[in-house]
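Heads up: the sequence lines are chains A and B, in that order.
The first sequence begins at 407 in the working numbering and counts up one residue at a time.
The second sequence begins at 638 in the working numbering and counts up one residue at a time.
Misleading hints may appear alongside valid ones.
Pair by pair, the computed Cβ-Cβ distance ranges are [what the hints assert, rightly or not]: (1) B/Asp663 <-> A/Ser413: 34 to 42 angstroms; (2) A/Gly446 <-> B/Lys694: 25 to 33 angstroms; (3) A/Gly458 <-> B/Ser706: 34 to 42 angstroms; (4) A/Asn430 <-> B/Ala732: 23 to 31 angstroms.
Heads up, simulated DSSO-like pairs for lysine-lysine below, C-alpha to C-alpha not over 27 angstroms straight-line [said to hold, decoys possible]: (5) A/Lys476 <-> B/Lys681; (6) A/Lys476 <-> B/Lys694; (7) B/Lys646 <-> B/Lys694; (8) B/Lys681 <-> B/Lys651; (9) B/Lys646 <-> B/Lys681; (10) A/Lys476 <-> A/Lys516.
To be clear, the hints were calculated from the coordinates, so they are not data collected in a lab.
C-beta atoms are modelled at their ideal positions from N, C-alpha and C, and glycine is treated no differently.
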Amino acid sequence: TQLLEQSPQFLSIQEGENLTVYCNSSSVFSSLQWYRQEPGEGPVLLVTVVTGGEVKKLKRLTFQFGDARKDSSLHITAAQPGDTGLYLCAGEVNAGNMLTFGGGTRLMVKP
Amino acid sequence: NAGVTQTPKFRILKIGQSMTLQCAQDMNHNYMYWYRQDPGMGLKLIYYSVGAGITDKGEVPNGYNVSRSTTEDFPLRLELAAPSQTSVYFCASRALPWTGELFFGEGSRLTVL
Chain A
407 TQLLEQSPQF
417 LSIQEGENLT
427 VYCNSSSVFS
437 SLQWYRQEPG
447 EGPVLLVTVV
457 TGGEVKKLKR
467 LTFQFGDARK
477 DSSLHITAAQ
487 PGDTGLYLCA
497 GEVNAGNMLT
507 FGGGTRLMVK
517 P
Chain B
638 NAGVTQTPKF
648 RILKIGQSMT
658 LQCAQDMNHN
668 YMYWYRQDPG
678 MGLKLIYYSV
688 GAGITDKGEV
698 PNGYNVSRST
708 TEDFPLRLEL
718 AAPSQTSVYF
728 CASRALPWTG
738 ELFFGEGSRL
748 TVL
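Next up, chain B with everything else stripped away, as it sits in the complex (with noise of 0.2 angstroms):
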């Protein structure tokens, strides 16, 4: 059971340089999220989509951006990288909305230099 796959798993930018990291889930979710978390904090939310086809913003969309053509992939683009995106990206899925278990990838560790 895959569950939620997240690539790449490591990644050095340099100052913008663009790149897209990847997030696919096999659990047929409508509900797929993007966290990114600073070393010792808590997660805050980039982007997020209910279905196919939409997404919208979250806590910190800036320098980011998201689509979403099919249920299982949900990819997300940095362009024009920053220090400030140094960070643990998280992508997660959920089958329902409200009280749905999220259930997260191994997570992607993005450093700019």
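Just chain A, same shape as in the assembly (with noise of 0.2 angstroms):
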């Protein structure tokens, strides 16, 4: 059982299609964490968020933070073939260090 789940698992979605990713847990996070990660490479970090209710937008992503800090979503628009690849929420429970993943969302966006 993970205490982040992510849906949906798969989507696959035409060029300019908008899309939200989910992020959910039933426990309360210090902070969570939005990663990219493409094959064969390690997570990237995408965004940072900490505090309730929080909406930060980067470029066409937009991600907020629930208020309750227990949830986030992710919202693409217009997405592109770039886009591609595995989105993954990671939090910390309690600000303690053990820093958990989600068990992520595989995107594909089709030219």
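Each of the two chains sits in its own frame; use the hints to bring them together as a complex.
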């Protein structure tokens, strides 16, 4: 059982479509991060959210941290083939140092 | 800039053999982590360390051991390898807890036959 549940597990869309992926937990997180991983490489940080209700934008990507700090979402506008990859959320419970990851959402954007 | 360096990149082990995956970082980070990633899945935390001489178990520590004698090095030991340990192993480090960015190595692909 994963502390962080991500949905959907797989998503295949056409270029130009919008999408949202979710990261949910029953635990409260002191902070939550989103990473993207490409095949054969380690994950790379996209964003960190700390405050409940926080919204951060990174070009076409919008990240939101739930008010209760138990969930987060990633919205991509007008997806491009370059957005293809594995999207991972990661968080720490109660400001501890055990940084755990969700199971990931594998996104494929077709031209 | 080397960052996080893992060796070896690939290894095939026979059941029951033991080996050590090496991890070194040159960023003077106190926080270091070992994760495993099975095909198509997320990362599961094996062990982590908040500084030299301090290690803690993560989500899936059974079958593994770690040590942290220096800030730079955080080796992962596999004892009595089993097919269930076939995976890609990632070492990562960060400067700050809570919000610090994790920097990952390139991974070590281990197959146990």
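Next item on the list: Indicate whether the distance between the beta carbons of A/Gly458 and B/Ser706 respects the range 34 to 42 angstroms.
Entry: holds, 40 angstroms
Check: Is the Cα-Cα distance between B/Lys681 and B/Lys651 27 angstroms or less?
Finding: This hinted pair holds, its Cα atoms lying about 23 angstroms apart.
Note to self: Holds or violated: B/Lys646 and B/Lys681, Cα atoms, limit 27 angstroms.
What the structure shows: holds, 19 angstroms
Margin query: Taking 34 to 42 angstroms as the stated bounds, is the beta-carbon spacing between B/Asp663 and A/Ser413 within them?
Written below: Holds: the Cβ-Cβ distance is about 38 angstroms, inside 34 to 42 angstroms.
Check: CA of A/Lys476 to CA of B/Lys694, is that 27 angstroms or under?
Finding: holds, 23 angstroms
Next item on the list: Given the hint of 23 to 31 angstroms, check if A/Asn430 and B/Ala732 actually sit that far apart at their C-beta atoms.
Entry: holds, 29 angstroms
Check: Could one say that the CB atoms of A/Gly446 and B/Lys694 fall in the range 25 to 33 angstroms?
Finding: This hint holds: roughly 28 angstroms between Cβ atoms.
Checklist line | Restraint status (C-alpha distance of B/Lys646 to B/Lys694 at most 27 angstroms) | finding: holds, 24 angstroms
Notebook entry, point to check: Do the alpha carbons of A/Lys476 and B/Lys681 lie within 27 angstroms of each other, as the hint requires?
Noted result: Since the Cα atoms of A/Lys476 and B/Lys681 sit roughly 19 angstroms apart, the hinted pair holds (cutoff 27 angstroms).
Margin query: Next pair to validate is A/Lys476 with A/Lys516; report whether the Cα-Cα distance is within 27 angstroms.
Written below: violated, 32 angstroms
Hint violations for this structure: number 10 only, all remaining hints satisfied.
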